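*Asks:* The listed protein sequences derive, respectively, from chains U and L.
To convert, note that position 80 of the first sequence is 80 in our numbering; the numbers rise steadily by one, no gaps.
To convert, count from 1 in the second sequence and add 131; that's our numbering.
Just so you know, the hints here were simulated from the structure itself, not pulled from any lab data.
Take the hints with a grain of salt, since some may be wrong.
Unchecked claim - Pairs of lysine to aspartate or glutamate residues, derived as DMTMM-like cross-links and limited to a Cα-Cα distance of at most 25 Å, are as follows: (1) L/K199 - U/D41; (2) L/K199 - U/E119; (3) U/K10 - U/E119; (4) L/K199 - U/E111.
Keep in mind the model is a prediction, meaning the values are calculated, not measured.
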Amino acid sequence: MELVSEEFLKDAVELLVRLVESAGALVIFVGAAIAFVRFLDAAVRHRHQPHRFVAVRLGLGRYLALGLEFQLASDVLRTAVAPTLREIGELAAVAAIRTALNYFLGKEIKEEQEQLADERRSSTARSVSPP
Amino acid sequence: MTGLIAAAALLVTVVAFVSAAAALVATRRTAVALPVLLDLLLAAGLLRLALQPSPTQLAGTALLVLVKRLASSGIRHAAGARSTRPSPLRP
Chain U
1 MELVSEEFLK DAVELLVRLV ESAGALVIFV GAAIAFVRFL DAAVRHRHQP HRFVAVRLGL
61 GRYLALGLEF QLASDVLRTA VAPTLREIGE LAAVAAIRTA LNYFLGKEIK EEQEQLADER
121 RSSTARSVSP P
Chain L
132 MTGLIAAAAL LVTVVAFVSA AAALVATRRT AVALPVLLDL LLAAGLLRLA LQPSPTQLAG
192 TALLVLVKRL ASSGIRHAAG ARSTRPSPLR P
């Protein structure tokens, strides 16, 4: 006896995939919009503090990594209804590239955080040291 | 949906150039403006990947990440070289 028809399952997974992908795109777009406003703010009000731009870029990087996670989740969902070996192979390639993108993005966020911490330490040392 | 995401990606691309120009004008340093441009272009690339990306689009975004890493390591290397170079005014 069949509890759920294959067609229904395919439609449901397709809908879920679209929802998750849209959520990922929304996260990336919102992150870019917030970063744009903060970049303009840094350019207008804090023009002599370049580390402000690094801080904004760190925030944007976190949004991008989150959006990529959503995209990866949709890839995983798609494998639930990928019937042919070729389709599964294509999905694997897409997922591998997205995973690599996510890995490099995470690495870059870590490096930027260290750079920002170094800049903050050196600016604190400059302000504390006697003239 | 595809049209909406394509429009959003185009908008983010425009935002990337505007933000980089603002950063360049404000700080007069390409080392600050270039990463801003590349980060927002990456955001646009990731938006384009949101719906059934073609292998070319995927390769393009991967290439952008590679360029971004190369540029940031180059900028960091140049900044490190500048900070370790002795000042000609000091003995």
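*Asks:* All hints are to be evaluated individually against the structure, with a verdict given for each.
*Replies:* Hint-by-hint comparison with the structure:
For a cut-off of 25 Å, the pair hint linking L/K199 to U/D41 stands: about 24 Å separates their Cα positions. For a cut-off of 25 Å, the pair hint linking L/K199 to U/E119 stands: about 21 Å separates their Cα positions. Restraint check for U/K10 and U/E119: not satisfied, since their Cα atoms lie roughly 52 Å apart, outside the 25 Å limit. Between L/K199 and U/E111 the CA atoms are separated by roughly 13 Å; this keeps the pair inside 25 Å, and the hint holds.
Of the numbered hints given earlier, the model fails hint 3 alone.
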